[in-house]
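Novice: Sequence:
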Amino acid sequence: MSVSHCVGAEMPGSTAPNPLPAGISVTADGSSTALTVAVDHLARLGCEVAADTSGSATEGAGTLVTTSTTGAEPHVLTCAIDWAGPVALPLASEADVQAACGIAHVHGRRYGRPVPLPLDYAGAVTGVLAVTGVLAALHAATLGTRIRGVRTSVAQGALLAVGQYLAAATAADDEHHPGAPTPGAAPPPFTSADGVRFELETLDAEPWLRFWTALGAEPPAIREGWPPFQHRYATAVCPLPAALHRATARSPYHAIRTAAAGTGISVVRVRGAGDTAVLAVPQDPWAVTALPADRDAAPGRAHVVPAPPVPLPLAGLVVVESTTRVQGPLAGHVLALLGARVIRVEPPGGDPMRGTAPTAGDCSARFLALNHGKEVVEADLRTPGGRRTVCELVRDADVFLHNWAPGKAAARGLDAADLARVRPGLVHAWASGWGEALGPTPPIGTEYLVQAGSGVAELTARPGEPPTPFLMTLLDVLGGLVCAEGVLAALLARAATGHGRQVVTSLLSAATVLTAHGRGTTSRRRALPVPCCTDLVEPAADPRFGAALIRRTCVLPDAPWEFTA
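Note that full-length UniProt numbering has the sequence shown beginning at 1, numbered continuously upward.
Keep in mind the hints are simulated off the structure, nothing from the lab. Please note: incorrect hints may appear among the correct ones.
[As the list claims (entries may be wrong)] Quick list of the computed label-pair ranges, beta carbon to beta carbon:
| id | residue 1 | residue 2 | range |
| --- | --- | --- | --- |
| 1 | A405 | G373 | 23 to 29 Å |
| 2 | P227 | G144 | 51 to 57 Å |
| 3 | E378 | A205 | 23 to 29 Å |
| 4 | A50 | T258 | 52 to 58 Å |
| 5 | T383 | I550 | 33 to 39 Å |
| 6 | R148 | R395 | 33 to 39 Å |
Glycine residues also receive a C-beta, built at the ideal position from the N, C-alpha and C atoms.
Whole structure, please, built from the sequences with the hints as guidance.
Specialist: See the structure below:
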């Protein structure tokens with residue numbers, strides 16, 4: 001198969017369909033979901049791609065050979081995608097990886113036993129990681145550091161995807177080991193009296209109480225249901241009292257929506273990928289936009305540091321991050337793993353997520369999985385002084401990353417155009433839930449609502465099951481990864497033009513990776529006789545995983561790439 005994309009002319013304020021500069025070509029060899037995703041993303045970003053998906057020339061998941069003629073001399077870079085990588089197990093398929101690296105365990109918590117996720121999620125994650133590694137190496141070349149080889153693996157992609165759960169399971173005070181669901185209890189989604197399946201979301205207990213009271217649910221069930229609902233992101237289980245499901249089953253969907261609107265709850269219908277009313281997702285995982293505010297400004301200076309023998313490709317890059325929860329912090333975490341200096345802006349007293357149980361030392365284990373190694377500056381962004389602090393940090397930065405609610409950046413005077421005047425050449429990245437697809441006041445943009453609205457819930461359901469959102473943080477992880485991928489593409493565009501870019505990604509745009517490629521075939525192959533993880537403590541203690549993990553106050557996935565000069 002041969003795919004060619006040409007770089008079009010850039011217009012002020014436009015979304016460049018191919019943000020990478022001309023002169024980058026890729027040859028791909030192999031057959032796997034990881035390779036398919038990588039080829040698709042590189043083509044969408046503007047590379048000229050030739051792909052052989054027969055798989056005859058590779059024993060791993062695939063190989064990418066990238067040639068860049070954008071510099072003084074051609075730069076050839078090889079990216080190898082393995083199945084097992086540094087994990088010393090005979091992994092050779094998506095099913096093997098899901099079983100050994102914990103995805104089947106985390107997904108199966110809602111069922112009380114390991115259950116493979118019926119799509120090639122680890123492969124999709126790894127395809128994005130492969131592109132991220134390639135783009136990072138190409139960025140290093142623009143600063144004079146030549147990296148010849150990148151290696152990643154589907155096993156490392158899977159471990160990164162379960163990183164928060166791994167950290168929590170190995171924290172000293174972890175007291176939560178999900179077992180079989182409570183008899184009679186059931187997780188979302190809910191079903192209305194007229195048969196509409198839906199997800200709901202609130203981040204606060206008061207709207208939860210008001211909503212269920214409006215539907216006539218019994219107070220003991222309302223109280224009992226809040227803790228598992230609140231903690232489902234951390235535990236991947238959500239056994240809600242049967243009385244809550246009975247309450248929705250008594251009310252038609254229009255009445256449920258009315259109750260939700262009156263009590264501050266967001267409700268989204270669960271749609272399948274083939275539903276004629278399915279929400280239209282963005283065409284690409286990222287939108288990279290030229291910034292008219294700094295098109296005529298002098299290019300921002302590059303941050304160059306001496307390269308170590310085996311360089312980290314983003315060494316010298318400075319990222320200012322104001323994010324919370326999972327998606328935004330993970331994007332910054334990926335950039336930090338690639339060598340960037342990441343400065344988190346947190347509210348006075350620190351991010352409240354630092355205190356979320358279980359803790360490892362004096363900090364939440366889940367928070368550490370996304371934020372360890374970042375610097376912290378505290379600032380109250382509700383005040384002029386706090387916003388000035390952000391501007392001062394941005395003056396010496398290359399990237400500003402946030403996941404604020406729609407309209408918040410403009411209201412604070414910290415949107416892309418504002419900060420481009422502060423720092424010419426800045427890459428301004430916004431990671432959101434719905435992006436701009438649902439207007440200025442969308443439903444809460446969190447994992448399960450976007451799974452429900454995007455059609456992904458059909459992909460995550462078991463055979464014979466109606467569309468059912470997955471309780472593991474699936475789009476949060478993929479959303480963070482595609483945001484980092486978009487940032488790196490924007491940095492390469494900046495290197496070619498001297499001007500900054502705005503990068504817009506969302507959980508909804510991340511869903512395109514799965515709706516386009518999630519129905520791979522490798523997850524249906526017979527698994528090799530490898531261990532099936534039934535508790536994340538197992539791989540953490542298994543020496544065969546040692547080269548892929550790092551041990552601090554809890555166990556964390558190591559960087560999922562190896563770079564060679």
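Novice: All hints, please: hold or fail.
Specialist: To see whether the hints hold, each was checked on the structure:
Separation of A405 from G373 is about 27 Å and conforms to the stated range, judged on CB atoms against 23 to 29 Å. Evaluation of the 51 to 57 Å hint for P227 and G144 yields a pass: the beta carbon distance comes to about 54 Å. At roughly 26 Å, the beta carbons of E378 and A205 sit within the given window of 23 to 29 Å. The beta-carbon spacing between A50 and T258, approximately 55 Å, falls within the hinted interval of 52 to 58 Å.
Between T383 and I550 the beta carbon distance is about 38 Å. The supplied range of 33 to 39 Å therefore holds. For R148 paired with R395, a C-beta distance near 35 Å keeps the hint of 33 to 39 Å intact.
The structure shown violates none of the earlier numbered hints.
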